[in-house]
Amino acid sequence: MTLLLRELEVEGFRVFRDPFKIKINEGLTVISGPVGSGKSSIISAIEYALYGTDANIDKKLYTRRDLVNDSSETARVSLLVEAEGEGLYKFERIITKSGKEKAILVLPSGETIQGAEAIKGLVEELTGLDFFEFSRSVAVSYVSLFLLAYGGPSARSNVIDRLLGIESVKELASSLSIKLFENKLNEIDSQIESIRELFGGETYETSGQEEYTVVKKELEGLKAEKEKLENEKKKLEPYAEKYQQIEQQIKGGEGALKVLEEQLKKGVLSMEEITEALIQVQEKLLSIAEKLQVPDSTRKKIENIEIGGKNLENVFGELEAAYSELTNIYYEKYEALKEQEAHLKELHGRLRAIEENLVNFERDVDNYEKAERIVEELKNKYGDEKELHQKIQELSRELDELQRASQMERYALVLKRHVAEKVAKNGEADCPVCGSKVTSEFLEKAKLDVSQGSKKMRDIEEKIRQLEERIKELKSALEDLRTYNLVIISLQDRYDTYHEMLDQKQQIEEELETENMEFQKAKAALEDIEVELKQARNELSRLRKEYAKIPLVNQAYEIKSNLSKLQANLSELKPYWEKYRELEEKIRELDSRINEKTQRLSFLEEKSEEIKRTMDKLEELRLERERIARMAQNISRIKGILINVHSELRKNKIHELNNTMNKLVKTMYPYTDIEEVRVRIRTPPKAEDRQPQKKYSTYVIEAKTSGNWLPFTSRMSDGQKTIIFLALVLGISMLTNKKVGFVILDEPLPNVDTQIKISFLKNILPSLGLRQAIITTQAEDIAEKLEGVTLVKLKR
Numbered sequence: 001m002t003l004l005l006r007e008l009e010v011e012g013f014r015v016f017r018d019p020f021k022i023k024i025n026e027g028l029t030v031i032s033g034p035v036g037s038g039k040s041s042i043i044s045a046i047e048y049a050l051y052g053t054d055a056n057i058d059k060k061l062y063t064r065r066d067l068v069n070d071s072s073e074t075a076r077v078s079l080l081v082e083a084e085g086e087g088l089y090k091f092e093r094i095i096t097k098s099g100k101e102k103a104i105l106v107l108p109s110g111e112t113i114q115g116a117e118a119i120k121g122l123v124e125e126l127t128g129l130d131f132f133e134f135s136r137s138v139a140v141s142y143v144s145l146f147l148l149a150y151g152g153p154s155a156r157s158n159v160i161d162r163l164l165g166i167e168s169v170k171e172l173a174s175s176l177s178i179k180l181f182e183n184k185l186n187e188i189d190s191q192i193e194s195i196r197e198l199f200g201g202e203t204y205e206t207s208g209q210e211e212y213t214v215v216k217k218e219l220e221g222l223k224a225e226k227e228k229l230e231n232e233k234k235k236l237e238p239y240a241e242k243y244q245q246i247e248q249q250i251k252g253g254e255g256a257l258k259v260l261e262e263q264l265k266k267g268v269l270s271m272e273e274i275t276e277a278l279i280q281v282q283e284k285l286l287s288i289a290e291k292l293q294v295p296d297s298t299r300k301k302i303e304n305i306e307i308g309g310k311n312l313e314n315v316f317g318e319l320e321a322a323y324s325e326l327t328n329i330y331y332e333k334y335e336a337l338k339e340q341e342a343h344l345k346e347l348h349g350r351l352r353a354i355e356e357n358l359v360n361f362e363r364d365v366d367n368y369e370k371a372e373r374i375v376e377e378l379k380n381k382y383g384d385e386k387e388l389h390q391k392i393q394e395l396s397r398e399l400d401e402l403q404r405a406s407q408m409e410r411y412a413l414v415l416k417r418h419v420a421e422k423v424a425k426n427g428e429a430d431c432p433v434c435g436s437k438v439t440s441e442f443l444e445k446a447k448l449d450v451s452q453g454s455k456k457m458r459d460i461e462e463k464i465r466q467l468e469e470r471i472k473e474l475k476s477a478l479e480d481l482r483t484y485n486l487v488i489i490s491l492q493d494r495y496d497t498y499h500e501m502l503d504q505k506q507q508i509e510e511e512l513e514t515e516n517m518e519f520q521k522a523k524a525a526l527e528d529i530e531v532e533l534k535q536a537r538n539e540l541s542r543l544r545k546e547y548a549k550i551p552l553v554n555q556a557y558e559i560k561s562n563l564s565k566l567q568a569n570l571s572e573l574k575p576y577w578e579k580y581r582e583l584e585e586k587i588r589e590l591d592s593r594i595n596e597k598t599q600r601l602s603f604l605e606e607k608s609e610e611i612k613r614t615m616d617k618l619e620e621l622r623l624e625r626e627r628i629a630r631m632a633q634n635i636s637r638i639k640g641i642l643i644n645v646h647s648e649l650r651k652n653k654i655h656e657l658n659n660t661m662n663k664l665v666k667t668m669y670p671y672t673d674i675e676e677v678r679v680r681i682r683t684p685p686k687a688e689d690r691q692p693q694k695k696y697s698t699y700v701i702e703a704k705t706s707g708n709w710l711p712f713t714s715r716m717s718d719g720q721k722t723i724i725f726l727a728l729v730l731g732i733s734m735l736t737n738k739k740v741g742f743v744i745l746d747e748p749l750p751n752v753d754t755q756i757k758i759s760f761l762k763n764i765l766p767s768l769g770l771r772q773a774i775i776t777t778q779a780e781d782i783a784e785k786l787e788g789v790t791l792v793k794l795k796r
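The UniProt record's numbering numbers the first residue of the sequence shown as 1 and each following residue consecutively.
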């Protein structure tokens with residue numbers, strides 16, 4: 001099965017903004033045009049349609065989004081490919097400026113496949129090539145020839161390896177870097193040396209173990225000493241507890257005594273003084289009862305309290321009960337006063353509401369009073385509506401008569417002027433009213449009549465103007481009178497309501513004044529009573545405290561006596577207590593030393609473990625170093641083997657390649673100065689025979705001229721170089737297994753003469769054994785001279 005190209009269509013792709021289509025026939029298709037006309041874009045479109053990429057994208061010179069024309073939002077490429085024996089395959093790809101792509105493949109059966117990945121596998125199966133192989137054996141660009149012709153030996157060898165498909169062996173060998181292993185070995189050696197310097201071998205471990213034994217023995221001795229002291233302390237614990245209990249009792253007794261002495265500091269009243277003060281409290285309560293206007297039963301209850309000759313505790317209770325009853329009555333009066341105050345607040349609220357409403361009514365009241373005043377002024381000046389209406393009718397009738405008289409006078413004046421003008425012109429005229437003849441004698445009389453008539457007209461017009469102004473004035477007055485009467489009627493209710501609210505406001509203000517005076521008087525009286533109640537309560541409280549002090553004197557004496565006994569007991573227990581505290585202090589010191597020794601033991605144990613881990617790490621590093629050293633040797637040996645394999649692959653490839661190159665040169669090159677060409681392998685000498693090869697071989701390209709083989713040098717012309725390396729590239733293409741029956745060459749011969757170009761174009765297809773060739777060139781004049789060539793001319 002052979003693949004052939006049949007049709008390409010692009011739109012919005014690279015330089016092609018508008019739709020562009022070309023048919024691709026069998027034989028040679030030459031695409032010509034100036035720089036920037038789109039020759040390379042056509043080859044790019046073929047590559048993109050098949051593989052979804054092109055040579056420049058593959059080399060990362062630009063991205064897929066750069067395929068879209070600057071003036072377009074999307075690019076579309078459609079390619080028809082014929083597989084002989086099967087039919088047409090249609091490849092279509094669409095890409096947007098945002099980078100979104102859509103790929104469609106229509107099979108000869110009409111079935112559709114979508115998605116770049118699915119299409120990629122089918123393309124590689126149809127062509128037998130992936131994109132890299134396609135770009136080196138089918139779509140050959142001038143860049144490959146340039147690198148071969150003008151690159152150094154190493155760069156040229158790399159390009160030839162890539163074209164031959166053996167560059168992966170060299171890449172694998174180059175990836176095996178011995179330097180990485182050497183760096184790793186140096187890093188391990190540095191770690192080993194650092195560890196040895198830090199710990200100094202095994203001496204530190206031995207000295208640490210000796211210190212661990214000494215510290216452990218000291219710790220055991222301290223724990224034994226602590227146990228002995230704790231046994232002694234345990235025997236003294238009952239004495240220490242008793243000592244602390246007595247100490248607390250003494251502290252509590254001293255505190256209570258201090259409180260009593262503080263209470264007794266100002267002295268204690270006698271029973272007689274307390275009794276006299278209670279009688280005064282009774283009198284004050286009676287005074288409060290009178291002011292509160294309490295019931296007689298309450299007043300008599302206070303009067304009947306007998307203070308002298310009774311237990312004062314009962315007297316305090318009766319007086320406090322009387323105080324509570326008077327306080328309750330006070331709060332009843334106070335609640336009544338609060339109700340009165342609430343009523344006052346209600347009246348104030350009503351007054352504020354009325355005042356706010358009055359403010360809302362004030363504008364309407366002002367308008368009402370203004371309307372009344374204006375109506376009164378209009379009536380005084382013009383009369384009421386009926387009188388105004390009659391006056392306007394009378395003046396209107398008078399105006400009509402004057403206007404008729406003015407019209408008649410105007411007609412007469414016009415007639416006399418008309419007749420006078422005809423008489424002045426013709427000497428005579430017929431009167432348009434009576435038909436009699438009017439002569440020149442009429443002119444003097446007509447002039448006098450016209451003069452008098454004009455004066456009369458002015459008088460009439462002045463009277464008309466005065467009448468019109470008077471009528472206008474009366475009509476305006478009538479309109480104002482009616483308008484303000486309507487205002488009075490519309491605002492009458494609000495005006496009456498306003499005055500009603502004024503009356504309510506006055507009533508509330510008078511009520512507020514009266515009740516507020518009563519409230520303030522009652523409030524002042526209650527405030528006085530509140531002060532007297534507080535005085536009575538404070539006096540009762542003071543007298544109770546004074547009464548309570550009488551038994552405190554005996555209580556203070558008892559506390560002092562008890563404190564003396566406790567102090568004696570405390571003195572007896574003090575030696576035991578001091579011994580107990582001494583043991584506690586020694587045990588605390590031992591705990592501190594035990595803790596220090598324990599921490600030191602823990603540190604020594606951790607350090608011992610750290611040394612062990614370090615020694616283990618040292619052993620691991622030693623084993624790792626041995627392993628990496630072995631790997632480095634193996635990698636170095638493998639790298640040498642790969643270099644030798646690479647050199648052998650080069651030798652195996654070039655024999656057949658040399659035969660193919662010479663056939664192509666003889667076919668395409670019309671001159672005899674190049675007798676033969678060949679590619680030879682130059683292998684660098686080994687450092688030692690038993691060492692693996694460390695340097696890569698290179699390709700040496702030679703040309704035979706005048707019977708002598710000469711190395712390829714810059715002394716050859718650019719055209720000769722191009723022919724030799726074009727033969728090399730096409731020879732490699734012919735050796736590649738593929739299913740395509742076409743080749744694509746982008747500007748293959750930019751620097752050769754016309755004779756070479758003609759020879760090349762005539763012989764390219766027979767030489768390669770292909771059925772289609774697509775070649776881009778700027779030399780369209782040469783293509784026009786050849787037969788059987790399809791020429792596609794492009795413009796910028």
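If you are wondering where the hints come from, they were derived from the structure by calculation, not from laboratory data.
Warning: the hint list may mix true and false statements.
Claimed, not checked - Here are the simulated distance ranges between beta carbons:
1. E262 to K235: 38 to 48 Å
2. E325 to L563: 44 to 54 Å
3. E262 to N231: 23 to 33 Å
4. K663 to I635: 41 to 51 Å
5. K739 to K663: 17 to 27 Å
6. P19 to I635: 17 to 27 Å
7. N231 to T614: 53 to 63 Å
8. M457 to S396: 49 to 59 Å
9. A568 to R600: 16 to 26 Å
10. K97 to M631: 28 to 38 Å
11. G252 to E273: 49 to 59 Å
Small disclaimer: the values here were computed from a predicted structure and weren't measured.
Here a beta-carbon is modelled for each residue, glycine too, at the ideal position from N, C-alpha and C.
Structure-based check of all given hints:
no. : hint                     : result
1   : E262 to K235: 38 to 48 Å : holds (43 Å)
2   : E325 to L563: 44 to 54 Å : holds (46 Å)
3   : E262 to N231: 23 to 33 Å : violated (48 Å)
4   : K663 to I635: 41 to 51 Å : holds (43 Å)
5   : K739 to K663: 17 to 27 Å : holds (23 Å)
6   : P19 to I635: 17 to 27 Å  : violated (58 Å)
7   : N231 to T614: 53 to 63 Å : violated (46 Å)
8   : M457 to S396: 49 to 59 Å : violated (21 Å)
9   : A568 to R600: 16 to 26 Å : violated (50 Å)
10  : K97 to M631: 28 to 38 Å  : violated (51 Å)
11  : G252 to E273: 49 to 59 Å : violated (33 Å)
The structure does not agree with the numbered hints 3, 6, 7, 8, 9, 10 and 11 stated previously, though it agrees with the rest.
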